[in-house]
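Spelled out, the chains give:
Number of protein chains: 4
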Amino acid sequence: METAVLKLHCPDRGGLVACVSGFVFNHGGNIIASHQHIEQLDNRLFMRVHFCLPDLNGSRERLESDFAAIAAEFEMVYELTYSDVRKRMAIMVSKYDHCLHDLFFRHQYGELHVDIPLVVSNHLDQKEISERFEAEYHHIPVRKDTKAEAEAQVLELFASNQIDFVVLARYMQILSPTFLNAYPNRIINIHHGFLPAFKGARPYHQAYEKGVKIIGATSHYATEDLDMGPIISQETVHVNHSHSAEDMLRMGRDVEKQVLARAVKAHIEDKIMVYNNRTIVFD
Amino acid sequence: METAVLKLHCPDRGGLVACVSGFVFNHGGNIIASHQHIEQLDNRLFMRVHFCLPDLNGSRERLESDFAAIAAEFEMVYELTYSDVRKRMAIMVSKYDHCLHDLFFRHQYGELHVDIPLVVSNHLDQKEISERFEAEYHHIPVRKDTKAEAEAQVLELFASNQIDFVVLARYMQILSPTFLNAYPNRIINIHHGFLPAFKGARPYHQAYEKGVKIIGATSHYATEDLDMGPIISQETVHVNHSHSAEDMLRMGRDVEKQVLARAVKAHIEDKIMVYNNRTIVFD
Amino acid sequence: METAVLKLHCPDRGGLVACVSGFVFNHGGNIIASHQHIEQLDNRLFMRVHFCLPDLNGSRERLESDFAAIAAEFEMVYELTYSDVRKRMAIMVSKYDHCLHDLFFRHQYGELHVDIPLVVSNHLDQKEISERFEAEYHHIPVRKDTKAEAEAQVLELFASNQIDFVVLARYMQILSPTFLNAYPNRIINIHHGFLPAFKGARPYHQAYEKGVKIIGATSHYATEDLDMGPIISQETVHVNHSHSAEDMLRMGRDVEKQVLARAVKAHIEDKIMVYNNRTIVFD
Amino acid sequence: METAVLKLHCPDRGGLVACVSGFVFNHGGNIIASHQHIEQLDNRLFMRVHFCLPDLNGSRERLESDFAAIAAEFEMVYELTYSDVRKRMAIMVSKYDHCLHDLFFRHQYGELHVDIPLVVSNHLDQKEISERFEAEYHHIPVRKDTKAEAEAQVLELFASNQIDFVVLARYMQILSPTFLNAYPNRIINIHHGFLPAFKGARPYHQAYEKGVKIIGATSHYATEDLDMGPIISQETVHVNHSHSAEDMLRMGRDVEKQVLARAVKAHIEDKIMVYNNRTIVFD
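In order, the protein sequences belong to chains F, R, V and L. Each residue of the first sequence is one higher than the one before, starting from 205 at the first, in our numbering. Each residue of the second sequence is one higher than the one before, starting from 205 at the first, in our numbering. Each residue of the third sequence is one higher than the one before, starting from 205 at the first, in our numbering. Each residue of the fourth sequence is one higher than the one before, starting from 205 at the first, in our numbering.
Wrong hints could be hidden among the right ones.
Identical chains blur together in the list; that is why a pair holds if it fits in one copy or across any two.
[Said to hold, decoys possible] With a straight-line cut-off of 25 Å between C-alpha atoms, the simulated BS3-like cross-links for lysine-lysine are:
{"id": "1", "residue 1": "Lys-348", "residue 2": "Lys-403"}
{"id": "2", "residue 1": "Lys-331", "residue 2": "Lys-291"}
{"id": "3", "residue 1": "Lys-348", "residue 2": "Lys-414"}
{"id": "4", "residue 1": "Lys-469", "residue 2": "Lys-348"}
{"id": "5", "residue 1": "Lys-291", "residue 2": "Lys-403"}
{"id": "6", "residue 1": "Lys-351", "residue 2": "Lys-331"}
{"id": "7", "residue 1": "Lys-414", "residue 2": "Lys-291"}
{"id": "8", "residue 1": "Lys-403", "residue 2": "Lys-414"}
{"id": "9", "residue 1": "Lys-299", "residue 2": "Lys-351"}
{"id": "10", "residue 1": "Lys-351", "residue 2": "Lys-403"}
None of these hints come from the bench; they were simulated from the model.
Can you build the whole structure from these sequences, using the hints too?
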């Protein structure tokens, strides 16, 4: 049976949960799951309602226009999505393929309800695997002098393929503000370090030199401020003096895969909201 | 400001979330947090609503009688509690005092919003610490031939002290069905093993002999079937060949304290529901 | 540079560490890592020495015969392996391919210093992936009446391919004692449950019904006593009431992959010793 | 039976392990545990040998002078300690008492083989508990203009009490270089943040504002460079949007206690070596 997800946030007032759940009920929906969060400092309500649409096929327009009126009244920022409108996800990757591989594998196992029509890379390495998993492979090299052009080419490709969101699965090029702003809170990056420590390059080598006893990985939405976008998921793993930076790279791969997959799955299932550079993830 | 928690479960039907949240709103409550869970196999809804009662002082009776009508209509099993009616918790303990100590310490730090009027023990060891933390200490020894009598004495003590629920903080006596049935789903036990493995005595020694690489602890509601009541919380910790059974005892203490405290806190905050020997914990 | 690993265990006596490390030094070896463990209950020493062989090429026979004399004197059970003699690993698999895939992937990333000449399966499903990773695929169906025959065929295949050890990467057939005894402590199994709980079939469904709050996976050497062989590695993950048995299957896959890979890597690197159905893993 | 621990590091050369273990054997010692680590980048050997001294009582001087000769030859930095010479530990604390309490409690449970003759605090709050656990309580207030004087007073107190090492169990004053240099690699601090992120004040509030999904704590040796000394142990815990900075404080307390206790225990048992601002912890 088809389902829908309604995500919203707005200034908190009495009766909002009752109002929204009543709206769903009155339009024939049955709530499967409902989550709320009140950000105390802002007195702001965040809400996610997942509901069945048993008798609603054909009348989504009415559902939407009726809700628009409520949203206006309560100054809601909201999004309404349907399970039968599958999102379209593009993957950007450079040479390291463990995250790419992992995403394809999970997709094949039915963990990710999404379409993956295309992969973009500045290298040729991942062509074979991408095509085996039935994603078009676009090799778009990036040089300093051609970067703007290359990005324009990628954006065009995304537009013509109706891409909804982008996963940077260890894509090693810095993206321009123009590019990032084309998909606000829709570009998921994996940083192979435990942010906010170890920003920038070679985080495992930084971790080794500091002699930390724990390393980690962070998935976040990409923003102009490098490695500082809203964090979606993090995970850590213990290390000790006997681990070289290479060991950390190996251990890190496992953590990166998990943390990225978790963020991608949450995004696909409309479980993430962003406010003030922080995420609310309704798990 | 005072708050209330409404926990309920009932056969799932359309509109229940709307109905309950509307009820709260119409009685002047404002929802702080609301959790639902649908047990698919049983088509049963579980719901917990935490709400403020800004203008309700004096009219709780009406709230209760109005809700009773709804509950009857939807065949709800429910409980309604108020933050200004603090629960009264009794602790039973034998010789090991790490859990007792930990609970007192967290209480002192304000982590547990509960009264702890009394401690019952079959030994004298914990008298001093109990009294320091202002709990009456009742030394009630248990011998085979006096067990029924001792239990009766404890139950009387609990009754005259209006005890709401009981924590077995490493209480090493087996309780009779009569005793257990006096507080259904209100006696929290800590088992120093990862249930359902390692039931019964000396679980760390069992774990050592099996050569397991992980040990754990389990907090659960006590039932007649020893160590088989509904599980509330579990935690594990890695061990290896270099750890003796004594090391596991030491490592286990840390895990036991955490797992018991987590269960006690969830119980105090009315976050646990029990159905079919499983718990729903709305965290 | 080539290295060697010497693993041994014997009754503990004074001077053994000095004796063994002196032996290595006198034969031109330089110790890279050395681990000891004394099993107190048995007064038994376990030792693993990893050393470089800078000037020893050509004279391994003398090293071996000299050590044999020491081993006899101290009643040592021992094994001496060389890094330039790569082990040969066979994988047996049925329909679930996540562990198979993961092992191939790690092999490709250089995490597993081993040869994987062949894969045996009672199904045809994994043929393509096995061949892509350059392992011969042998489809050997198993029916009740042909089981003995099929096992004999597999053993012959292993013999003719000089297989050193076997990984059961979710192989869903029960192996006979004859088969298991052909590779004592050389058949690594992954059980998708936290042993010793949840032996046997459908462990995630068992876990769901019990309402446990943690699930896990266990890698162990396969023995006649089903799911009771020496445990090599275990890992757990938190679950709650909102997770269905299917969710646990999904979460379990991640844990299974990690736990199996960890055991396989430790076996390849000669880090595991078995005594009294327990493992010593020198990590 | 009495035991000794020999810790050393020196440029790596062939035969060092054999040499040291032979030395122990020739002086009547029997090795209980022996750990080595080679820091590849520096070609430096680190070694810890834990051995029994069955027949050595009375002749420790000879053991020491004989080893001094070896140490000179191989340019070793080393330390030799005996289990019957208990270390003397001072605790410094301000207002938060959870770490102090935890250390006392573990001490009472026999987890920490150490003497705790005194507690120093700039407040009066912890007097009662310190005295209950039989540590002298010294209240030494610190004001800007009296800081040097106060520190001098503390150092004198430590000297006259033969203090071996110091634990800063949430001591909220910054110590001067003079003070820190009096106990190089012998002052253990707990930082309530996951270093190197969240240095300085109010790390949980920093963590909250960044919206991190994991918080942690770090124990380390205190050095002049605030919160940057060699890390001994770290631990993390998951948080989400529903946790306030106050929740993080509460969750952090549990982590802080564990991480500090682990570091203190490792220090007491002579398991830590420091080199180039990194620790080798032989666990």
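>> With identical chains, the pair Lys-403 and Lys-414 could be close in the same copy or across copies; at 25 Å between alpha carbons, which is it: within, between, both, or neither?
In response: For Lys-403 and Lys-414, both the intra-copy (14 Å) and inter-copy (14 Å) Cα distances are at most 25 Å.
> Taking 25 Å as the upper bound on the Cα-Cα distance, should Lys-351 and Lys-331 be classified as within, between, both, or neither?
Replying inline: Within one copy only: 21 Å inside, 42 Å across.
> How do Lys-348 and Lys-403 come out at 25 Å by Cα distance, when the copy is not named: within, between, both, or neither?
Replying inline: within (22 Å within a copy, 36 Å between copies)
>> My question is about Lys-299 and Lys-351: at a cut-off of 25 Å on alpha-carbon distance, are they close within one copy, between copies, both, or neither?
In response: within (18 Å within a copy, 45 Å between copies)
> Under a CA distance limit of 25 Å, which applies to Lys-291 and Lys-403: within one copy, between copies, both, or neither?
Replying inline: neither (30 Å within a copy, 40 Å between copies)
> Is it within, between, both, or neither for Lys-331 and Lys-291, if the alpha carbons may be no more than 25 Å apart?
Replying inline: within (23 Å within a copy, 32 Å between copies)
> Between the shortest in-copy and the shortest cross-copy C-alpha distance, which are at most 25 Å for Lys-414 and Lys-291: within, between, both, or neither?
Replying inline: neither (41 Å within a copy, 29 Å between copies)
> At most 25 Å between C-alpha atoms: does Lys-351 with Lys-403 qualify within a copy, between copies, both, or neither?
Replying inline: Intra 23 Å, inter 37 Å, cutoff 25 Å: intra-copy only.
> Using 25 Å as the alpha-carbon threshold, which applies to Lys-469 and Lys-348: within, between, both, or neither?
Replying inline: So Lys-469 and Lys-348 fail the 25 Å test inside a copy (33 Å) and across (42 Å) alike.
>> Treating 25 Å as the Cα threshold, decide for Lys-348 and Lys-414: within, between, both or neither.
In response: neither (32 Å within a copy, 32 Å between copies)
Comparing the model with each earlier hint shows violations of hints 3, 4, 5, 7; every other hint is respected.
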